[in-house]
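Visitor: Could you put together the complete structure from these sequences and hints?
Just so you know, the protein sequences line up as chains W and D, in that order.
In terms of the numbering used here, the first sequence has 56 at position 56, counting the first letter as 1, and numbering is strictly consecutive.
In terms of the numbering used here, the second sequence has 116 at position 116, counting the first letter as 1, and numbering is strictly consecutive.
Please note that the accuracy of each hint is not assured.
Since the list gives no way to pick one copy over another, a pair counts as held whenever it fits inside one copy or between any two copies.
Under the rule of at most 25 Å between Cα atoms (straight-line distance), these lysine-lysine pairs were calculated in the DSS-like manner [stated by the list, open to error]:
1. Lys226 with Lys126
2. Lys241 with Lys211
3. Lys148 with Lys240
4. Lys235 with Lys261
5. Lys148 with Lys235
6. Lys226 with Lys261
7. Lys241 with Lys148
Worth flagging that the hints you see were computed from the coordinates, not collected in a lab.
There are 2 protein chains.
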Amino acid sequence: MKENRICRLFGIRYPIIQAGMVWCSGWKLAAAVSAKGGLGIIGAGSMYPEVLRHHIKSLKAATDKPFAVNVPLLYPDIEQHMAVIEEEGVPIVFTSAGNPASWTSWLKERGIIVVHVVPNVKLALKCEQRGVDAVVCEGFEAGGHNGKDEITSMCLIPQVADALQIPVIAAGGIGDGRAIAAALALGADGVQIGSRFAATAESSAHPNFKKSILEADDSATVLCMKNVVPVRLIKNEFYKKISEAETRCASPDEIRAILGKRRAKAGIFEGDLTEGELEIGQISGLIQDIPTAAELFDRLLESYQNTVAGLPDRL
Amino acid sequence: MKENRICRLFGIRYPIIQAGMVWCSGWKLAAAVSAKGGLGIIGAGSMYPEVLRHHIKSLKAATDKPFAVNVPLLYPDIEQHMAVIEEEGVPIVFTSAGNPASWTSWLKERGIIVVHVVPNVKLALKCEQRGVDAVVCEGFEAGGHNGKDEITSMCLIPQVADALQIPVIAAGGIGDGRAIAAALALGADGVQIGSRFAATAESSAHPNFKKSILEADDSATVLCMKNVVPVRLIKNEFYKKISEAETRCASPDEIRAILGKRRAKAGIFEGDLTEGELEIGQISGLIQDIPTAAELFDRLLESYQNTVAGLPDRL
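Guide: As structure tokens, this is what we get:
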């Protein structure tokens, strides 16, 4: 895919990006994906600045291939994170959960490629105007934090692709090569895959959390806390408390009090399936095993190829 | 596509089905689609039994190609509708909004092909067990009435395709040939297209309603009234009343009182964009013109072909 715009932009072989995910995507997962010719991403959202530095250094020791760091822009230690990114020579930064205007110029001035995550066409256009190099358009089905517009990948990808000149990466609902083919058909230049990589051997998630992904069916997740911080998660006991509060129109403050702190860490990293916040995408229902990242990567390539070979040239 | 299972099941040339839609899909639209080699559907949900008979007779006078009638199973005049369907020799019936067990045997005994609309894998499996010939899996992005599980087309299509032996028709978010290719890549045998056909010359919707589809952007619709009757519609003044009531946790009875009667007719057929219920899909943001059904059909075929031709054989 020499002519692929995402491959050219990032200097990678395959337009497959492993999403930055809190408590899942440390250096081991990102290095394994980058070594295979995709783009591995370290998720800085769950790391203190010096932990992030350790992960970047470990990744660079494991592979010399391109990689990226994902930085949620609402993170409190954002300046320190950005300083670590500059000092460690991170070539690509994915920013999310914030305004693309706030850090794009700073990063670009340092020669860093900038990608921003968007949930709608309006923000995608704003990214392009602000000089972002590519966007990830993230559909309603994606796990974790999400937008309020509830636009699905099937609707979002073609509309963002039509509106922008810069490359478009599709995210949300992509669990196998069939969905990669679908995303490219809809106009994406590449794909970002989260949940499927969360359930790999190199993912730093707790075994309990990985098991909960395998056990999830098509209806297992829901986008909730829309008035506080919209997030897609598995409907566990913690969710039931949130749902009960939402059903009786509890105030945002009360929802925040129920949410409290450290729930994502408790659920994803420590394996508390009852009280933890189990952030994962709707495509979990399709995920049935825990391969290595390399095995999964090969499977994605093969399944893409089989899918395209099976499509009729004309109807 | 001689080997396509949907084409073989229905006896049609192209696996493109025009959705049955209240106040949009009378005999003119369905006949135009069937004449082009797709499957046109008369939407019985907005018709009295004798009106339905008139539409079936008119369609049969216009084309001898296969066609179908869509019957929401919760409709009050259901027995009379089914009697008309039998008397007029309708070859294919799409049932929706109800239990597939209730009418499948009756229809099958009369030699009628039965398709049921499903929002999740569980109901899809139940349909297969009950002897339904094919399912329409309808994603969260689809317009009008919808399921409560909020499963998007990207996630629903592959999971239903994996679970069933019978053919699967994808619906929700399909507005051009790119999305047809995506749906087939995800495992669908064919597609059902609603919103895009609602904005054609032959659609019986009011010009005001068609104009509101053209003006809609990616964020213009929302799935609301989830505790009463989940429906995706354009966020107009009527919706704002519903939303305000939902925000203060109004009871289902109060929501029903605000909804009242005849809102879909007022909005879609009479063109009241303020107080009407403007049922349409999220893909409206992509729709920019009002072609004839035949023009649109040719465009879908060409755009599918261009899309598949543009997909790399391997990544």
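Visitor: If you test the structure against every hint from before, which numbers come out violated?
Guide: none
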